[in-house]
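**Student:** Spelled out, the chains give:
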Amino acid sequence: MALYNSNRGGIIQIIIGIVVTIIIGQLISLQIFSNKYKLAADNNAIFRRIIYPDRGIIYDRKKRALLENTISYDLVVIPNEARGVDTAALCGILKIDKEEYNKRMVEVIVKNTRVKVGVFEPFLSPELYAQLTENLYRFPGFSLSERSIRNYPYNTAAHVLGYVAEVDVNFLQKHDTDGYEMGDYAGMTGLEKQYENVLMGQRGVKRFLRDNKGKIQGAFEKGQFDTLAVAGKNLYTSMDVEVQQLAEKLLQNKIGSAVVLNSKTGGVIAMASSPGYNPNLLAGNQRRKTIGSLLTDTARPIYNRAIKGQYPPGSTFKPLGALIALDEGLITPSYGFNCFGSYNNCGDPRKCTHAGAGHAANLQVALANSCNSYFLQVFRMAIDNPKYGNAKNGYLKWKEYMNSFGLGRKLGIDLPSENKANIPDTAAYNKDFGNPTTWNSCYMLTLGIGQDRMTATPLQLANSMALIANDGYYYTPHFVDSIEEEDREDKIELAKFRTKQGVTKISSDIFKVIKEGMHDVTVYGTAASVKLPGHEYCAKTGTAQNPHGENHSIFVCFAPKDNPRVAVAVVVENAGYGATWAGPISTLLMEKYLNDTLTTESVKKAEDLSKVDLMPKSIKDWYVKNKTIRLSPVEEYKNDELGDVWDMEMVSDYKPKPKVIDTIKKVIDTAENKSGQKKPVTNTFKKDSAALLQKKKKKITRPKNGNHT
Amino acid sequence: MATTPNQNSFSKGTDLAVIILYFVMIAIGILCIFMVEYNPNGNWSSSLIAGKNSYSKQIYFAIFCSFIGIFILLLDSKIFTALANLLYGGGILLMLATFVIGKNINGSNSWIPIAGGFNLQPAELCKIFTALVLAKFISKPETDFTKLKSQLIAVGMIALPAILSIMQHEMGLALVYSAFIFAMYREGLPPLILVVALSFAILVIATLLVEPYVLSIILSVISGLFILSMIKRFKRNKTKIFVIIGIWAVCFGTVRYAVPYIFNNVFECYQSTRIYSMVGKEYDCSQNVKSAATAGKKKGKKPDDYNVKQSKIAIGSGGFWGRGFLKGTQTRGKYVPEQNTDFIFTSLGEAFGFVGTFTFVCLYLFFLFRLIRIAERQRSTFSRVYAYSVVGVFFFHIAVNISMTIGLFPVVGIPLPLISYGGSSLLTFTVLVFILLRLDADRQMVIR
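Residue numbers (the numbering used here), protein chains in the order written: chain A, 1 to 709; chain B, 1001 to 1448.
In short, the hints are calculated from the structure, not lab data.
C-beta atoms are modelled at their ideal positions from N, C-alpha and C, and glycine is treated no differently.
Among the hints, erroneous ones may be present.
Cβ-to-Cβ under 10 angstroms is the rule here; a few derived chain B residues that face chain A [as the list claims (entries may be wrong)]: (1) K1327; (2) Y1335; (3) G1349; (4) F1369; (5) Y1388; (6) I1402; (7) I1406; (8) G1407; (9) P1410.
Build out the structure end to end from the sequences listed, making use of the hints.
**Tutor:** As structure tokens, then:
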């Protein structure tokens, strides 16, 4: 009956075929020719969580941990999932109001977008943690995230260790290939910054599968795409906690710095800068409360004077001055100079503390008596060395020596933002004195006794002692002796600390004379009153004149005399004679290191010294005056630039540029600054960070202060 | 057809290829449901025995359906013609009964609760009965299907359960009844009807795509051009001009009145939105009469194209080779709603990629062509009409279901035959297939 319709079966097949072809066409376009769906699926379902490894620990030479990790908890939130939160309850627990809640939420979104985890309240106290864990089910989208924070059991070495803080936009821009993310923490100063990539370890990423409600289902692909977190490597330093603590204690109530070096290895045993701060103040939730006042403090507790403070070395420079003349063959140890209380060969007489005949009969005696005239003469001989034609070339040679001794250049210690201090360039003198052919050694005469424009950091001073102690070489000062499981990169990193530097061709006989001279300093010379129990030692005092007020008390030394193992430099600002304050501090530190303990007499001396208050009056006044000053938010400052901003120069940045070197003018300036110089610091923080940066630029162009007496 | 001498009378003449395909499909279906329900933290073997998961339930359904299938194969094929009218009548009664004792599942009252927590959907079963009654009607010696009257009666038979389904808010099920057009077409429905239906569909889609004003102008211009080009012929035959004007009037009416009316007054807001979203437009629900009553109630729901978006992501993310068995993140994360029923195709697409979906679609294609071949070899009209009805129902389900998961068709809730989770749907398709197999086994007989 329907046979004539039998071709219609074929038509139906064709229709079916067409529809199926359309479907397959769409499948091809979906599955083969577009990869956006794969991305969309991954965005939907894969949740990446970064696993933070434990940061490496820093140990001292006796394997005592200078810092440790403790666990702290943050309250974190994914804003997109924070729906139906019992806001009132949460605000109640955190003791904030609804407005603050909304503000924080906006902050989190701005920082980390809506879909990523952002920190809502960092560093929860244990009580808060307990309360929140109980109630967390009422706050969807919120969770508690573990974070390891630093803890400093010895409360010491804040400047050296540095601190860890949350990275900011600048940091991220600088390290955009290192995989940091907003909310990460990184070392900002000190060893924490220097060895960030060693201490940090390797962060792991865990991928989780998340369902349509944002709930974690479990590991993605059984974790086969996860990368494991590798714990940071430990650092083994040459530091000694007890010496460090003693150094900090002795410098209490003073402004200054102490550096104790192991002269045989270049390892830093202790490095203190005063005033300092307790490193625990900048860890965890303490940081928010304290960083502001630390930054605005006019005495600048965050500033590491040991590597950044620039001091005229004064008389402590004299042994080095002699070394140059000896190396150049200009003098022999038996060279003598007739000094009758002043040096008159350059017009204006320069005073010398001694007038007695024969007090500079030879090098050894001249060193012991710290005869100014003798070393001024030696300096002039070096500059006017006929070998180099004119004073300019002679000066250049002299500067080259200085640099090889580690002065006027960065030593390369493993701390960030070390200052190179200053050995002036000929360009500076050309500018000051006009035509380069007209000036001669008399123009910068006081360089010979460590004054003029010469400055050095306490670290450089200590290092120069190590150079003499070792008879002509030193190892670059460093903290880290070894890294746990050193790999090739670490070895390269540390190799520079394991090679000799600054080798001179002076024989050890000559060094012996210098050492004897410095030993005489401690026997009958300027430091005769300062004794080191159990050891003979060599030292040089310095009383550095400076434009900021009273003379700095400087003391450099090494011990034991015959086989030196330790070199020390101590600077106490505006404290007067080197032997009075810096001297006893130095010997106590050496005693502690060499004998591992202090005699009862020394303990008493240390107690007394630590109580002596040598703070300049201007700073004390500032504390009284600024008790109530409040700061603009800390976030305005760029963390990683703090070290640079906090430079010795900052205080004087507000002074007009000195155009002419005029001794009289300088003296007047100095007198004025004594009372007024600290003021600008407080003003600084009422301005914004842009002004800070500008100032920084100014600082670079500004010539160093000279100094004459 | 393999009929070896060793075969017993039970399996004699039964099409083995269809049976194999049937079981392969069910196996794929259970696999897909397993992928959707799989929980790596749970012990799947114990939950399989406990029968608490969809896939274990589906296994029990499949076993039950196999028995039903065997039972059907054991029946005398004459029983289907004998009972066709009775079953159809009973089915319609059951559908009417749902209005009284219906149970609300997913917003439709089309379910009747039966023992053991299972629910029956009479509308599903009515597909079988309609196929049978249609076959019975067309195969009657006194029916001349070339006549309009017979065709109208047949359409009426199909339309009755369809209208009842619409009244139960089962738009998808109602649409399925249009699948019987295949059988009717095969039996002599003029091809013009297919052309008209297709043109009408194009017109409706155009209405959605193009601004009504623009479309009206275009239509008028086309009619004007027709009249101009055929102006000489009109002199001989004046009726043609009226035909063209009539067509224009219908089109114009459709564009300006019928389509907006249907979208605003007949469809629910979500249905209109779904259809609009197919062509990439947004439907303004404030125009919808039905949503006006419930306005403001369902604020903050997920966007309406969420299903399709996630479904496309799932299938698209499979890529060429797929993400692998149980490795689909969309599936594991339950991003696709209704994934073990209407969107089951997505789990397959995500896990096995284009290779999987292509193979799967080809398998279906082979299955459909096999059914057509069976249909064409029937000597009795009853069997052939029934076979084409089965082809139509299967094809419609497959085409619409897959098309909606890949964004070619608006989302209507109809399952993928033999794959989707659900006892009612599995039972319906089993019965459909096995009745056909039973009839096919007796294809030498003329059944009335």
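**Student:** Each of the hints needs a verdict: does it hold here or not?
**Tutor:** So, going through the hints one by one against the coordinates:
1. K1327: 7 angstroms, holds
2. Y1335: 5 angstroms, holds
3. G1349: 7 angstroms, holds
4. F1369: Status holds, d = 6 angstroms.
5. Y1388: 7 angstroms, holds
6. I1402: For I1402(B), the interface hint holds, since the closest Cβ of chain A sits about 5 angstroms away, which is under 10 angstroms.
7. I1406: OK, holds: I1406(B) within 10 angstroms of chain A, min 5 angstroms.
8. G1407: 7 angstroms, holds
9. P1410: 15 angstroms, violated
Consistency with the previously given hints fails for number 9 only.
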